[in-house]
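Visitor: Chains A and B, in that order, are what the protein sequence lines are.
For the first sequence, this note's numbering gives the first residue as 0, with consecutive numbering after it.
For the second sequence, this note's numbering gives the first residue as 0, with consecutive numbering after it.
Worth flagging that the hints you see were computed from the coordinates, not collected in a lab.
Mixed in with the good hints there might be a few duds.
Since copy identity is lost for identical chains, a pair holds within one copy or between any two.
Said to hold, decoys possible - Each computed SDA-like pair below joins lysine to any residue, with the alpha-carbon atoms no more than 20 Å apart: (1) K194 / N205; (2) K38 / D259; (3) K273 / G493; (4) K97 / I562; (5) K194 / E214; (6) K555 / N407; (7) K18 / N223; (8) K459 / K516; (9) K520 / S545; (10) K555 / L512; (11) K583 / M547; (12) K273 / E257; (13) K140 / S300; (14) K251 / E220; (15) K18 / R321; (16) K416 / D565; (17) K583 / R569; (18) K520 / L586; (19) K251 / N223; (20) K140 / I324; (21) K555 / E510; (22) K555 / N458.
2 protein chains.
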Amino acid sequence: MQSTITNVLDRVNSPDDVKQLSLGELNLLADEIRQTIIKRVNITGGHFGPNLGIVEATIALHYVFNSPVDKIVFDVSHQCYPHKMLTGRKESFTNPEKYGIYTGYTAPEESPHDLFKIGHTSTSVSLATGLAKGRDLTGGKENIIALIGDGSLSGGEAYEGLNNAAVLGSNIIIIINDNDMSIAENHGGLYGNLKLLRDTNGQAENNFFKALGFEYHYIDEGHNIEKLIELFTKVKDTNHPVVIHMHTIKGKGVEAAELDKESYHWIVPGALDKKEPAPVFESYESITADYITQKYNEDNSVIAISPATPGVSGFTKEFRDRAGIHYTDVGIAEEHAVAFSSGIAKNGGKPILAVMSSFIQRTYDQLSQDLALNSNPATLLIFWGSISGADATHLTCFDIPLISNIPNMVYLAPVNKEEYLKMLDWSVNQNDYPVAIRVPVGNVISTGVEDNTDYSILNKFKVEESGSEVAIIGLGNFFELGKAVKNELAAKMGINATLINPHFITGIDEELLNSLKDNHKVVITLEDGVLDGGFGEKIARFYGNSDMKVLNFGAKKEFTDRIPLDVIYRNNHLTPDLIVEDVKNCLS
Amino acid sequence: MQSTITNVLDRVNSPDDVKQLSLGELNLLADEIRQTIIKRVNITGGHFGPNLGIVEATIALHYVFNSPVDKIVFDVSHQCYPHKMLTGRKESFTNPEKYGIYTGYTAPEESPHDLFKIGHTSTSVSLATGLAKGRDLTGGKENIIALIGDGSLSGGEAYEGLNNAAVLGSNIIIIINDNDMSIAENHGGLYGNLKLLRDTNGQAENNFFKALGFEYHYIDEGHNIEKLIELFTKVKDTNHPVVIHMHTIKGKGVEAAELDKESYHWIVPGALDKKEPAPVFESYESITADYITQKYNEDNSVIAISPATPGVSGFTKEFRDRAGIHYTDVGIAEEHAVAFSSGIAKNGGKPILAVMSSFIQRTYDQLSQDLALNSNPATLLIFWGSISGADATHLTCFDIPLISNIPNMVYLAPVNKEEYLKMLDWSVNQNDYPVAIRVPVGNVISTGVEDNTDYSILNKFKVEESGSEVAIIGLGNFFELGKAVKNELAAKMGINATLINPHFITGIDEELLNSLKDNHKVVITLEDGVLDGGFGEKIARFYGNSDMKVLNFGAKKEFTDRIPLDVIYRNNHLTPDLIVEDVKNCLS
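Generate the whole structure from the sequences, applying the supplied hints.
Guide: Given below as structure tokens:
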């Protein structure tokens with residue numbers, strides 16, 4: 000079976016090989032790539048719908064253009080599997096023993112056909128415009144191509160890029176891959192225009208791209224290799240900025256994926272074989288959705304907001320349909336999402352904005368200027384904030400330095416379900432502060448006992464267990480690690496350590512920290528994030544003029560790339576035994 | 000004279016008073032406001048052109064709408080003087096003794112007619128969309144108005160806001176104040192469309208705003224109060240999103256300002272009286288422009304880039320005209336500017352992007368993902384990075400936490416002209432790192448001796464003077480403070496302190512810091528920025544497990560608002576005597 004479905008693909012090791020194929024062979028190649036993706040992604044998990052939708056266009060691109068001299072930038076690059084298969088990396092898809100030897104995103108260290116490491120959306124047009132400008136400065140003649148999905152077009156960086164690409168004055172070809180979907184459905188005025196253009200075969204007078212000054216071409220048959228080749232050939236070597244608006248079908252070739260595009264955007268291993276729905280366990284996502292549902296039933300001014308990643312925060316299709324006016328997806332537009340939340344809070348609403356840690360990076364000035372400077376009481380939920388073994392483009396360990404050094408922000412770190420719910424409810428009901436909550440990561444931890452903490456008393460740390468000699472400050476997810484360290488200190492060194500749950504990331508409890516000086520020699524801080532600019536350094540600064548020793552534990556400042564979590568933990572001394580060893584050295 | 004020019008204005012203390020005036024009186028009021036602005040801003044300095052251009056529209060807005068129930072959001076708010084004069088704050092403009100008692104930006108603490116503290120561009124549409132959503136959630140009926148200049152439309156947040164405002168489904172009125180200028184000239188494809196719309200009296204088929212789904216109205220006579228009132232009345236209480244495209248003249252009423260819109264965007268005191276051009280001294284801005292000019296003459300791949308703030312970095316009109324392809328203004332689009340620079344560097348160009356500290360905040364994810372993760376050798380020049388007495392919206396003390404905690408970035412802090420030039424030249428010529436340079440602030444300091452440091456040896460601190468007991472690490476602008484502290488320590492305590500110029504903000508010289516343990520008891524760090532997440536905390540963390548005392552000096556994490564610099568310095572112990580006192584306490 001394996002041999003028959005890769006008949007043509009077997010012979011393709013580079014784009015040059017693609018150029019030698021007949022139209023019939025190109026179509027066979029498309030089938031083989033599609034079947035290979037279906038088989039492999041169903042085994043390994045990965046981006047499914049986006050890759051199935053771009054098979055033909057990728058083949059046509061490599062047939063017409065001369066990569067890597069001509070340069071193709073894949074926006075967010077979650078549609079780069081066919082590209083990787085055509086540029087010398089097919090073994091990562093065809094050979095089970097080599098599945099996953101390459102990352103699922105473009106990566107220059109893998110191949111000269113990949114220009115950038117990309118995993119966040121809306122960046123391709125700006126990056127490609129830069130490549131084009133670099134070419135113009137150095138006397139190059141190559142084609143520069145950006146391939147960007149319609150969903151990514153809601154992001155401000157994409158618009159800034161288009162606005163500037165349009166006046167570049169030289170060759171740039173921007174291909175809009177319009178499958179009428181983001182991860183979930185699209186939101187925004189632009190999508191009305193894209194629909195109008197699709198419905199009129201690109202002929203409508205109102206045309207967003209023409210308004211910006213681009214030469215515009217529409218192709219409805221985005222899976223027709225012959226027609227794609229014809230159009231790409233026509234615009235190749237253009238001397239001015241061109242937009243190709245290409246209509247494709249997300250999930251093309253798999254009926255279930257074409258029908259339920261959101262569920263098949265990214266799939267887990269075995270998703271295609273699944274007969275029965277997986278059992279639903281309580282999670283911090285389900286807790287969040289349940290709380291919001293209950294809250295907006297009590298208070299009409301409550302609204303949940305997502306920047307196009309509802310799955311991250313438990314905002315399922317059912318939740319969204321049910322919520323009505325109490326839910327808004329603003330599209331991939333984190334900057335807007337934060338300013339929008341500030342405006343809602345200013346005018347009496349109670350916004351709850353849910354963002355993944357890696358994507359809160361897409362808005363800083365809005366957190367600072369639009370929100371914190373104005374002290375509007377919006378609630379931000381930061382999901383997945385933790386050290387992780389993820390791809391370098393999706394690390395989630397930088398949110399603490401990003402958020403916690405902004406004045407006026409209150410950033411909270413609950414350690415269990417009860418604290419999370421109490422903090423969330425306090426935040427939604429108060430009117431004084433912009434509040435972010437670092438939603439716990441992992442299985443739900445429940446004490447079964449309601450949390451009665453008054454979080455309006457800012458920067459008050461909680462002493463969970465009082466001891467002496469060593470004090471452990473375990474922040475958020477790492478409070479559990481703190482417990483383990485306490486046990487290890489008792490077992491290995493006979494020390495009865497103090498265990499502290501700080502609750503607050505944005506400030507320190509000076510009174511408590513001063514009191515520790517009486518009978519402690521070492522304070523250790525544990526944070527599930529990067530050390531630089533983080534929580535622990537503030538404790539180190541506080542104790543700088545005293546005799547207290549301080550050991551900060553967290554992650555080194557680096558872009559790790561699919562490093563197993565246990566390796567990262569070991570490298571950063573984030574295990575009870577390594578921490579206790581460091582304490583021993585410090586005390587000796 | 001004073002009494003005659005404020006004949007009508009004398010009677011106006013609130014928008015209600017505006018509503019009582021006849022058209023003739025409204026026109027007189029416009030003249031009086033304009034003359035008052037001209038007189039006052041020529042004495043105090045301030046935003047000139049933007050305010051002169053918005054006089055009539057502001058009067059018409061307050062005539063038609065019912066502020067503060069109806070809510071007007073002024074983008075960047077550097078055009079809010081007429082609004083302030085009509086909402087109970089005219090004394091700050093008419094009474095020399097009260098000049099400046101109110102900030103030059105909108106500020107809710109001053110008046111319920113101001114919704115947000117705003118000083119960065121492109122935020123108004125998102126904030127207004129939030130106000131509208133808050134209204135819809137709480138059953139309000141008021142009009143929500145955003146007033147945004149054409150220059151601000153190049154920013155991604157403005158586009159994200161428009162994309163979402165268009166599908167709000169209820170009342171929002173967005174007024175595009177089109178004077179065909181940013182601070183400097185506009186750049187981007189959008190501006191072709193705005194020109195087309197102006198040239199066709201709003202009738203052109205290609206219409207950016209209609210493409211996004213807005214009801215669209217054009218008014219060419221943006222200084223005709225009668226026609227403005229007519230149009231505003233027509234759209235008042237609309238039940239759907241509306242764009243009014245209003246053509247105005249920046250600097251209206253002052254010939255010199257109408258002719259040279261850039262120079263009169265913001266003026267210094269006495270600018271209108273100036274007969275002779277001020278003498279030009281060497282500055283870090285002129286040094287920058289001179290270096291770039293020389294460099295692109297040697298190397299065709301060099302390009303200077305500004306996100307619409309060329310004045311910040313010495314990119315004068317003459318410089319821009321002369322530079323040709325070696326200069327690009329990308330419009331107000333910092334996100335694009337960073338990604339664009341990364342792309343240029345990837346394709347062989349040598350980009351030098353100049354940004355003001357306060358505005359580098361407008362791009363974080365691009366610094367991290369588009370640039371640092373890809374290790375492309377772009378050069379960023381961060382201007383004005385320092386603790387300052389500025390308005391809360393334009394603080395320049397947060398760039399160190401923002402930039403320096405991103406992996407792969409190299410952030411440098413020169414202390415004089417020679418170091419700055421050496422670092423700049425090293426950065427432009429190397430191919431390994433994305434480099435940011437914190438351009439020194441203040442008068443040029445020159446040693447007259449060429450700097451021969453090899454900056455490719457990362458994180459190597461320089462010991463300027465070797466001593467014992469106390470080591471002073473004086474970063475960038477505060478190296479001079481470090482010298483003064485050294486002198487004060489000698490005079491007051493007889494201590495011969497070690498003085499260190501760290502050069503690097505993004506890493507620490509562990510070897511040197513370890514060696515200090517031999518004969519030093521205290522290390523003090525001095526940084527011209529906020530302490531939280533900054534440079535000094537990393538030194539405190541390093542010494543956490545040792546007996547070394549560490550004192551970090553810098554600014555508290557807070558949004559100061561026009562606090563005189565000497566007060567900020569005193570509050571933060573940033574004077575030699577207060578620092579020496581802290582050292583004394585620490586050693587005792």
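Visitor: Next, verify each hint and record whether it holds.
Guide: Tested hints:
{"no.": "1", "hint": "K194 / N205", "verdict": "both (11 Å within a copy, 16 Å between copies)"}
{"no.": "2", "hint": "K38 / D259", "verdict": "within (19 Å within a copy, 65 Å between copies)"}
{"no.": "3", "hint": "K273 / G493", "verdict": "neither (51 Å within a copy, 78 Å between copies)"}
{"no.": "4", "hint": "K97 / I562", "verdict": "within (17 Å within a copy, 62 Å between copies)"}
{"no.": "5", "hint": "K194 / E214", "verdict": "both (19 Å within a copy, 18 Å between copies)"}
{"no.": "6", "hint": "K555 / N407", "verdict": "between (27 Å within a copy, 12 Å between copies)"}
{"no.": "7", "hint": "K18 / N223", "verdict": "within (17 Å within a copy, 63 Å between copies)"}
{"no.": "8", "hint": "K459 / K516", "verdict": "within (17 Å within a copy, 34 Å between copies)"}
{"no.": "9", "hint": "K520 / S545", "verdict": "both (10 Å within a copy, 12 Å between copies)"}
{"no.": "10", "hint": "K555 / L512", "verdict": "between (25 Å within a copy, 18 Å between copies)"}
{"no.": "11", "hint": "K583 / M547", "verdict": "both (15 Å within a copy, 18 Å between copies)"}
{"no.": "12", "hint": "K273 / E257", "verdict": "within (17 Å within a copy, 69 Å between copies)"}
{"no.": "13", "hint": "K140 / S300", "verdict": "between (56 Å within a copy, 15 Å between copies)"}
{"no.": "14", "hint": "K251 / E220", "verdict": "within (12 Å within a copy, 52 Å between copies)"}
{"no.": "15", "hint": "K18 / R321", "verdict": "neither (51 Å within a copy, 45 Å between copies)"}
{"no.": "16", "hint": "K416 / D565", "verdict": "neither (25 Å within a copy, 47 Å between copies)"}
{"no.": "17", "hint": "K583 / R569", "verdict": "within (17 Å within a copy, 41 Å between copies)"}
{"no.": "18", "hint": "K520 / L586", "verdict": "both (8 Å within a copy, 19 Å between copies)"}
{"no.": "19", "hint": "K251 / N223", "verdict": "within (12 Å within a copy, 56 Å between copies)"}
{"no.": "20", "hint": "K140 / I324", "verdict": "between (51 Å within a copy, 16 Å between copies)"}
{"no.": "21", "hint": "K555 / E510", "verdict": "between (29 Å within a copy, 18 Å between copies)"}
{"no.": "22", "hint": "K555 / N458", "verdict": "between (26 Å within a copy, 16 Å between copies)"}
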